[in-house]
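Model the placement of chain B on the given structure of chain A, informed by the hints.
One-letter residues, chain by chain:
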Amino acid sequence: MDSQRNQILARQWVTAQSVIAGYLHAQLGDFQQVEEVLQSTAAAAVRKVDEYDPERPFLPWVMGIAHYEVLMFRRRLARDRCVFDNEVVERLTSRYQTMAPQLRAMEQSLAECLDQLPARSRQVVDLRYREGLKPRQIAEHLNHSGDAVRSLLKRALQLLRDCLVNRDSITEGGAE
Amino acid sequence: MSMHDDLMQAFIDQTLSVDEADTLNRNLRDDDEALEQFIVLNHLHTLLHERMHTVQGSGFIIQEQTPSPMLSDSVKPSPKRWGSLLAAAVLALAATAWFFLPHENPAPNPVIDHQQSQPVALLTNLDDAVFIDTPTPPAIGGELPPGELRLKSGRAQVMFKSGAVVDLIGPAEFYMVGPNHGRLTAGVFEAFVPEPARGFTIDLPHAMRIIDLGTRFRIDMADGADHRMRVTEGTVQLIWPNGQRTLTAGYQCVLRPDGPGDAVPVKILAMKPNDTRGPLSTTTTALTPDSAPAAADNDNAWGFSAANEQAQLGAGSFEVDALAGQVWVARNDLGENPPRLTTVIAGLDDARRYNIYVYYITHTLQHWQLRAGRTGDVNKSLIVCDDSGAQLASGGNSDELRLRRRRVLTDAVPAAGSISIDIDDAGMTYREDVRGFYKGIGIEISDKHADSPTPADQTPPETRGANS
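Order-wise, the sequence lines are chains A and B. Start counting the first sequence at 107; every next residue gets the next number (my numbering). Start counting the second sequence at 84; every next residue gets the next number (my numbering).
To be clear, the hints were calculated from the coordinates, so they are not data collected in a lab. Glycine is no exception: its CB is placed at the ideal position from the N, C-alpha and C atoms. Some clues are possibly wrong.
To be verified - According to the in silico footprint, chain B covers these stretches of chain A (three or more CB under 8 Å from chain B):
1) 117-131
2) 259-268
What the hints assert, rightly or not - Pulled from the structure, derived: some chain B residues nowhere near chain A, Cβ distances all over 12 Å:
3) F214
4) P221
5) I302
6) A332
7) G342
8) T359
9) T368
10) N383
11) Q409
12) A429
13) T458
14) A476
15) S481
16) R485
Just chain A, same shape as in the assembly (with noise of 0.2 Å):
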């Protein structure tokens, strides 16, 4: 493997794995899919590495490696059943890499809104992300309702992408 070019591929994926983890998760929607479909798709990268030209956009190219990875996985599984159809799958294609600064940039500023967040909206969040609880679980835990609890997330949610989206400072009375 050309050492240059292993150390290039290593740089970009670093910066770029976030938006590939987000365009697969739109596609296959559940995280342990998007894990396996994107280590295939690093592995595929390494190899493939040799046919990468380093003077081109990164992105475009390993999106296309990752498009190729579903498709497999999914054959794999016998798994047809497929949220998207083509023509969504292609706009999204399309669309993640024309929105990628952008997503960069959300990346870059998600600490500072999470801090933000009103102390309520904060919990169910560390609780549904950190702890990695489904609403009902978490409804159980907070003796609230499942509707009041999927509220809630919206609600915090909505707050943390107009923070990102916006720069919207958020503020304790808009929040609930």
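Here is chain B on its own, set in the frame of chain A:
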């Protein structure tokens, strides 16, 4: 909350019914705004999962964590050792898993913690590396526990669990303390620290410590020379017994036993294409007459823009300020194919070697690029200057513009006090999203001694990799 919001939330919660999936599919197919909203929410969901989910239900997880006191045992996800993820010992798989490691703040002291027996890094590359006192040299893809790497010569690249990538250039002595923490006692060290590895810490002699805040930096502690560090991108924090300081991109300082010296600009002299302000000068001409600002931009000539693009890139750093003024523009998107430019750098010292850079502007959504290389060097193709160059500034109405710098010559020897660089556009006559924006030349005195062997004139590219 709209119906579309509800559908997106159901997708994330994996509770979509077949009918709801059809509706969401239709929304994403027919409505651009709905598609963007979906991508943003899905990405937020992915980032939250990736950043926060540090115990192993999903398999993204790799490191053990103190259990949350909030949860009863019945709802705690079961831990999974990250070593099992790496069983294949394939570099790619290992690297992938490592990128998803949780990111720790540095320990207050460089002591090895309870994870001493666990690997903290991965050897990702070797280049003519010769190790000292290592009966079994590590292999590429191998895991590295806390401990010392003593490199007699060559280069070794290590990726920490945090995702920080370190290049050691021998002779060097480097100690891996923890998953985001190392100690350098000798040698040359280059670090690339992606945002998730923010907090990457390097201890130096004399109780000096560097905490990286997401950047790229280099430390030179070679024998027989001043020890120094410089920051190429981002910001680092320097801490020593009597004080602390931040050092930002474009600055360097000497590292002394009593603390760092003053921060001074990294010695890349930024010059406009035609610049006669100092002892060095640049003169730029086109191979065919092309000196007057073009009235129309589809005349196969370089045009000049003094406002718009570069005016929006702001000011502040010494390099950006030095380049303020006209930008040379090639409009391939209008079908132009302007001639190759030649920039002659005069006033150089023939006894020295120089690294030469090109400054240019790129666009986040379009392919703005140049090609550059030494004039008359028919054996080497021109280097493509595109999104891979180091970013110096950003701006534009939608933050779409990037001022970048890319090294095009390394250790170049002047001839009669000058070096000549060719600059060309993308080399195609038409493509709707291709343009070229040339801002100037950067000149740096090489670290190589004047009597070093044959110059390389090669281009270890100063790449950042992705769009910033």
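Verification of the hints:
Coverage of the stretch 117-131 of chain A by chain B holds [criterion: at least 3 residues with CB-CB distance below 8 Å; count 12]. Beta-carbon proximity to chain B at under 8 Å applies to 6 residues in the stretch 259-268 of chain A; the threshold of 3 is reached and the given coverage holds. With 12 Å as the threshold on Cβ separation, the claim that B:F214 sits away from chain A holds: the shortest Cβ distance comes to roughly 17 Å. Every C-beta of chain A lies more than 12 Å from that of B:P221, the closest at about 15 Å, which supports listing it as non-interface.
Taking the minimum C-beta to C-beta distance to chain A, about 19 Å, the non-interface status of B:I302 holds against the 12 Å cut. Distance check for B:A332 against chain A: the nearest CB is about 16 Å away, which clears 12 Å, and the non-interface claim stands. With a closest Cβ-Cβ approach of about 30 Å to chain A, B:G342 is found to remain outside the 12 Å limit, as its non-interface label requires. No beta-carbon of chain A is positioned within 12 Å of the beta-carbon of B:T359; the least distance is around 33 Å.
The beta carbon of B:T368 is kept farther than 12 Å from every beta carbon of chain A, the shortest such distance being approximately 26 Å. The claim that B:N383 is not at the interface with chain A holds, since no C-beta of that chain comes within 12 Å of its own (minimum 24 Å). Distance check for B:Q409 against chain A: the nearest CB is about 27 Å away, which clears 12 Å, and the non-interface claim stands. No Cβ of chain A approaches the Cβ of B:A429 within 12 Å, the least distance being about 30 Å, so the stated non-interface status holds.
At the 12 Å boundary, the C-beta of B:T458 stays outside the reach of chain A, the nearest C-beta of that chain being 20 Å off. No beta-carbon of chain A is positioned within 12 Å of the beta-carbon of B:A476; the least distance is around 15 Å. Taking the minimum C-beta to C-beta distance to chain A, about 10 Å, the non-interface status of B:S481 is violated against the 12 Å cut. Taking the minimum C-beta to C-beta distance to chain A, about 9 Å, the non-interface status of B:R485 is violated against the 12 Å cut.
Of the hints listed earlier, those the structure fails to meet are numbers 15, 16, in rising order.
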